[in-house]
Amino acid sequence: MLTIENTTKWFQLFSDKIIENKDYLSELDTPIGDGDHGNNMARGAKAIQELLKNQQFDTLSDLFKNVAMAFIKSVGGASGPLYGTAFIEMSKASKETSNPTELVATGLDGIKRRGASDVGAKTMIDVWTPVLEELKAGQLTIEKINADVEATKALVATKGRASYLGERSIGHIDPGSMSSGYLFETLLETGALE
Amino acid sequence: MTYGIVIVSHVPEIAAGVKRLLDQVAADVSITVAGGTDDNEVGTSFNKIQAAFDNNEADELLAFYDLGSAKMNLNMVIEFSDKTVHLYDTALVESAYTAASLIAADVKLADIEKQLDELKIK
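Chains D and W are the protein sequences, given in the same order.
Quick note on full-length UniProt numbering: the first sequence kicks off at 1 and runs consecutively.
Quick note on full-length UniProt numbering: the second sequence kicks off at 1 and runs consecutively.
It is worth saying that the hints were derived from the structure and are not from the lab.
Possibly wrong hints are sitting among the right ones.
[To be verified] Cross-link-like lysine to aspartate or glutamate pairs, in silico, DMTMM-like; alpha carbons within 25 Å at most: (1) D:LYS73 with W:ASP38; (2) D:LYS159 with W:GLU41; (3) D:LYS73 with W:GLU118; (4) D:LYS65 with D:GLU143; (5) W:LYS19 with W:GLU60.
[As the list claims (entries may be wrong)] Simulated coverage check for chain W against chain D, where a stretch passes if three residues somewhere in it have a Cβ under 8 Å from a Cβ of chain D: (6) 15-26; (7) 43-53.
Predicted, not measured: the structure shown is a model, and the values here were computed from it.
Cβ coordinates follow ideal geometry from the N, Cα and C atoms, glycine included.
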């Protein structure tokens, strides 16, 4: 179950991980995108760090909502509205449940709606979807997350900036899938799933 | 004037340039723009789009954008805004110019949209 404590820790670990891997995320985004995924995500991560340092939250919903707004207002690329919408949907749903699987499911629905996309388009959805299945089965591991991220290499991009490249996008890891991999890796690290 | 226009581009100069073009045919139409990120880098900004909505003199807006993430940020701001906003998946320059000319000539929204339909590319 997610609590204010472990979710705060989750977002701390996630933002640290993003900042640590900022250059790698931009590197992934260079051949198939506009090369700014690392910078964009790092801006969001810094905004989250500031928020967590300066503010206390009374409810899980409040925490998700503030993280969402910090992200939306700072990112400046597609990842802002996509992650932001996921966190806003999780904020709404966390008024009723603190089950991480159910919250990830509502987040995924939000991403699909905002991006008008679905599985197979070589986007973050291609990591969120298998991760959700692994969560449902109680079998999420770091190895599975890495395999899910790696599997985006084989896909042809039909959404996002990489879609302009068509088949030339094959062979590259999708950057948004990589940062989503960090999100779920750090969720595991919080111990909230145990 | 009943309708206002909002231009969202990944680049500040593109947004400003489109407004400059539109001002020529629609000096009395309220046209506000959001170009680039908060640091004026290439990208789109929730805050700038929100400001473009708020600063527009009209309560009903026609919004035009260049690439995908601009649309996502526009949709986010629309969900937070009290104004009525129509968002078009049309060629940015041509459609914004068409809309500005028609708004300036007091053409009804339904008729404006009929013309915009032909410029749909996304």
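Hint-by-hint comparison with the structure:
Restraint check for D:LYS73 and W:ASP38: satisfied, since their Cα atoms lie roughly 9 Å apart, inside the 25 Å limit. Between the alpha carbons of D:LYS159 and W:GLU41 the distance comes to roughly 23 Å, so the proposed pair stays at or under 25 Å and holds. At most 25 Å may separate the alpha-carbon atoms for a hinted pair to count; D:LYS73 and W:GLU118 exceed this at roughly 34 Å. With a C-alpha separation of about 30 Å, the suggested pairing of D:LYS65 with D:GLU143 is violated against the 25 Å cut-off.
Restraint check for W:LYS19 and W:GLU60: the C-alpha separation of about 18 Å stays at or below 25 Å, so the hint holds. For the region 15-26 of chain W, the proposed coverage by chain D is not satisfied: 0 residues have a C-beta within less than 8 Å of a C-beta in that chain, short of the threshold of three. Only residues whose C-beta sits within less than 8 Å of a C-beta in chain D count toward coverage, and the region 43-53 of chain W has 5 of them, enough to reach three; the restraint holds.
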